[in-house]
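S.K.: Here's the letter readout for the chains.
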Amino acid sequence: MAETRDLEIKDAAARLAAADQELSDLEGDKMVLNMGPSHPSTHGVLRIILELDGEVITKAMPEVGYLHRGDEKIAENMTYTQFIPYTDRLDYLAPLANNVAYALAVEKLLGIDKQLTPRCQYIRVICAELARVSSHLLGVGCYAMDVGAMTVFLHTYTEREKVHNLAESLSGARFTTAYTRIGGVSRDMPPGWMDQCRKFCNEVVVNIDETETLLTRNKIFVDRTQGVGVISRQDAIDYAMTGPNLRGSGVNYDLRKAQPYLVYDQLDFEVPVGTEGDSYDRYLVRMEEMRQSVRIIHQCLDKMPGGPVNISDGKIVLPPKDRVLTKMEELIHHFLNVTQGVNAPPGEIYFGHENPKGELGFYINSRGGGTPYRMKIRSPSFVNLSILPHLLPGHMISDVVAILGSFDFVMGECDR
Amino acid sequence: MTANPPTPGGTTAAQLAQKLRDKFGDLFSAPAEFRGELTLQLADADRVAEICTFAKHDLGFDFLVDITSIDNYGEDPRWTLVYHLYGLAHNQYLRIKTGVTEEKSELPTIVPVWRSANWHEREIYDMMGIRFRGHPDLRRVLMWEGYPFYPLRKDFPLAGKPTNLPEIAFSNAAPMDGGPFVTVPGTCDAGSREPRSRLPEPDEPKGGANG
Numbered sequence: 000m001a002e003t004r005d006l007e008i009k010d011a012a013a014r015l016a017a018a019d020q021e022l023s024d025l026e027g028d029k030m031v032l033n034m035g036p037s038h039p040s041t042h043g044v045l046r047i048i049l050e051l052d053g054e055v056i057t058k059a060m061p062e063v064g065y066l067h068r069g070d071e072k073i074a075e076n077m078t079y080t081q082f083i084p085y086t087d088r089l090d091y092l093a094p095l096a097n098n099v100a101y102a103l104a105v106e107k108l109l110g111i112d113k114q115l116t117p118r119c120q121y122i123r124v125i126c127a128e129l130a131r132v133s134s135h136l137l138g139v140g141c142y143a144m145d146v147g148a149m150t151v152f153l154h155t156y157t158e159r160e161k162v163h164n165l166a167e168s169l170s171g172a173r174f175t176t177a178y179t180r181i182g183g184v185s186r187d188m189p190p191g192w193m194d195q196c197r198k199f200c201n202e203v204v205v206n207i208d209e210t211e212t213l214l215t216r217n218k219i220f221v222d223r224t225q226g227v228g229v230i231s232r233q234d235a236i237d238y239a240m241t242g243p244n245l246r247g248s249g250v251n252y253d254l255r256k257a258q259p260y261l262v263y264d265q266l267d268f269e270v271p272v273g274t275e276g277d278s279y280d281r282y283l284v285r286m287e288e289m290r291q292s293v294r295i296i297h298q299c300l301d302k303m304p305g306g307p308v309n310i311s312d313g314k315i316v317l318p319p320k321d322r323v324l325t326k327m328e329e330l331i332h333h334f335l336n337v338t339q340g341v342n343a344p345p346g347e348i349y350f351g352h353e354n355p356k357g358e359l360g361f362y363i364n365s366r367g368g369g370t371p372y373r374m375k376i377r378s379p380s381f382v383n384l385s386i387l388p389h390l391l392p393g394h395m396i397s398d399v400v401a402i403l404g405s406f407d408f409v410m411g412e413c414d415r
Numbered sequence: 000m001t002a003n004p005p006t007p008g009g010t011t012a013a014q015l016a017q018k019l020r021d022k023f024g025d026l027f028s029a030p031a032e033f034r035g036e037l038t039l040q041l042a043d044a045d046r047v048a049e050i051c052t053f054a055k056h057d058l059g060f061d062f063l064v065d066i067t068s069i070d071n072y073g074e075d076p077r078w079t080l081v082y083h084l085y086g087l088a089h090n091q092y093l094r095i096k097t098g099v100t101e102e103k104s105e106l107p108t109i110v111p112v113w114r115s116a117n118w119h120e121r122e123i124y125d126m127m128g129i130r131f132r133g134h135p136d137l138r139r140v141l142m143w144e145g146y147p148f149y150p151l152r153k154d155f156p157l158a159g160k161p162t163n164l165p166e167i168a169f170s171n172a173a174p175m176d177g178g179p180f181v182t183v184p185g186t187c188d189a190g191s192r193e194p195r196s197r198l199p200e201p202d203e204p205k206g207g208a209n210g
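In order, the protein sequence lines correspond to chains A and B.
When the count follows numbering that gives the first Met the number 0, it moves up by one through the first sequence with no breaks and lands on 415 for the last residue.
When the count follows numbering that gives the first Met the number 0, it moves up by one through the second sequence with no breaks and lands on 210 for the last residue.
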């Protein structure tokens with residue numbers, strides 16, 4: 000005959016009290032865990048020193064600077080044009096956008112930002128938006144891989160590869176494009192490029208939709224991201240976050256709308272914002288931004304005006320080579336441009352550009368001549384990461400990966 | 000950062016600058032405008048925290064875009080601090096500049112006003128050696144702890160300086176004589192030392208081993 004036993008089922012409060020009783024004897028020490036600088040989820044070389052109480056973080060100290068190359072010092076020692084290739088290496092996942100941002104900053108200093116040719120402005124918008132799509136494709140793919148969905152990365156990278164191909168036929172380089180020049184771009188679009196670009200736009204939306212089916216309602220992904228890393232609206236503003244990380248917290252601030260540059264005021268697009276401010280919202284914002292970018296590219300391709308891509312001022316843009324070899328004045332311009340650089344007036348400007356990662360700003364202090372006296376690069380990743388000591392405590396250690404991925408930072412730009 | 004048209008019923012950057020001058024009197028110079036941007040020069044750097052508090056709470060500058068520093072080497076005061084303020088509600092920018100002498104090299108922190116100032120001030124301390132009084136955690140941020148120099152100063156050479164910490168990072172200049180990537184004048188060039196594609200050897204037998 001079976002023996003019967005009574006089971007004692009405690010309610011939640013009683014269970015907690017019992018657990019406390021049991022644990023109170025264990026005098027626990029806090030543990031220090033060093034994460035990075037070489038860790039797959041740090042997307043480069045970010046090091047975080049975590050202080051743990053069990054699995055809960057009690058203190059987080061990010062250490063940056065492992066990729067510091069002294070870009071600001073370098074900029075003081077070369078002409079404005081010579082610095083363009085260095086901007087590729089800031090946010091190396093969106094070099095075209097950095098090129099556009101830097102060229103616009105120098106043009107603002109020179110006072111020629113309103114004289115850019117219409118064709119140049121449209122091409123630059125396409126570049127910036129292609130860079131946004133490319134950066135977000137990688138950002139979302141890596142994020143999914145960090146939280147355990149390997150397929151998404153391979154899936155989005157197939158599409159990102161096409162952006163590399165487009166960049167290659169446009170600028171000659173897949174990664175380090177150095178495409179813009181002060182007063183224009185290095186060369187016009189090659190024949191047939193617009194059709195390739197349109198084809199890519201049609202294909203990438205399919206890919207984005209498929210990515211959504213892999214992630215947006217994926218139970219594992221949602222569980223790992225929803226309610227994790229919640230940044231309140233007030234905190235996001237106080238820590239000066241920008242880009243999708245700010246908009247994920249519900250702040251509708253996009254430099255393309257707030258301070259329209261190039262031809263963004265003539266284009267029709269929307270700025271997605273989140274409601275909760277958690278990692279999941281930041282992911283959703285990126286997904287929608289890609290669709291809006293595709294929309295912008297389509298409009299630019301439809302409206303693409305003809306004409307030259309560079310302004311005609313020989314003191315700023317290199318004159319055509321055939322004329323340099325035959326005409327005296329062009330030869331002088333070419334010589335001055337190459338040896339001394341563009342002659343900037345004394346003064347100071349700040350220009351902020353809506354980069355895929357946030358506001359990439361250049362503060363240029365000029366004392367006249369072809370080199371800046373001081374150039375400060377306000378990089379979005381650096382500023383965005385400064386919230387980590389405030390945000391991480393209280394989370395589980397596995398959430399660190401989910402939060403870092405949702406920030407989509409890049410250390411080349413953070414450390415400069 | 001071009002001067003934006005004010006939102007309906009909003010204020011312009013010039014009006015906001017005027018309010019700052021009304022409040023703090025002759026601490027500020029007349030606003031200078033260049034490329035549509037307004038710059039105010041603050042005479043006393045020690046009052047920067049007070050001014051920023053006023054700008055944030057009374058003028059709506061809730062967003063600190065950036066802080067940076069300039070080394071006016073050979074001039075007095077040697078340091079210039081540059082603050083870029085922005086207000087999300089009124090969509091206006093303002094730049095505040097202030098000078099700090101080399102002997103002093105110190106000014107109050109503004110971390111209590113905007114928390115984003117934390118890393119910006121650490122970076123300025125790291126790169127220029129200007130200290131911020133009252134900063135909660137004034138450590139180097141980009142260079143490593145214990146690095147003895149301030150690399151963005153104008154008297155710091157571009158090639159760098161040797162330090163006595165070789166195990167942390169080497170700071171020798173890259174060798175410019177010899178090595179695989181340096182062409183010595185009068186010898187063969189890099190392309191022929193490491194050709195991209197080799198031409199077939201002239202005496203190579205054609206058509207396989209038996210040819």
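Hints are supplied without guarantee of correctness; some may be wrong.
Which chain A residues face chain B? A few, computed with CB under 8 Å, are given here [stated by the list, open to error]:
#1 G64
#2 H67
#3 R322
Pairs of lysine-lysine, DSS-like flavour, derived with a Cα cap of 27 Å [unchecked claim]:
#4 A/K72 to B/K96
#5 B/K55 to A/K72
#6 A/K72 to B/K103
#7 A/K256 to B/K103
#8 A/K72 to B/K153
What the hints contain is simulated information worked out from the structure, not anything from laboratory work.
Idealized CB from N, CA, C, for every residue including glycine.
S.K.: Does A/R322 pass the interface check with chain B, least Cβ-Cβ distance below 8 Å?
M.R.: violated (31 Å)
S.K.: Against chain B, is A/H67 within 8 Å by beta-carbon distance?
M.R.: Holds - the Cβ of A/H67 comes within 8 Å of chain B, reaching about 4 Å at its closest.
S.K.: Hey, A/K72 versus B/K103, does the alpha-carbon distance stay inside 27 Å?
M.R.: Holds: A/K72 and B/K103 sit about 24 Å apart, inside 27 Å.
S.K.: Please verify whether A/K72 and B/K96 have alpha carbons no more than 27 Å apart.
M.R.: Roughly 21 Å separates the two Cα atoms, so the pair holds.
S.K.: Going straight from one Cα to the other, do B/K55 and A/K72 come out at no more than 27 Å?
M.R.: With Cα atoms ~32 Å apart, B/K55 and A/K72 exceed 27 Å; violated.
S.K.: For the pair supplied as a hint, A/K72 and B/K153, is the alpha-carbon distance within the 27 Å limit?
M.R.: At roughly 9 Å apart (the allowed maximum being 27 Å), B/K153 and A/K72 satisfy the hint.
S.K.: Assess, step by step, whether the Cα of A/K256 is no farther than 27 Å from the Cα of B/K103, and give holds or violated.
M.R.: violated (42 Å)
S.K.: Is the interface hint satisfied for A/G64? The criterion is a beta-carbon contact with chain B at less than 8 Å.
M.R.: Since the shortest Cβ distance to chain B is 4 Å, the answer is holds.
Hint violations for this structure: numbers 3, 5, 7, all remaining hints satisfied.
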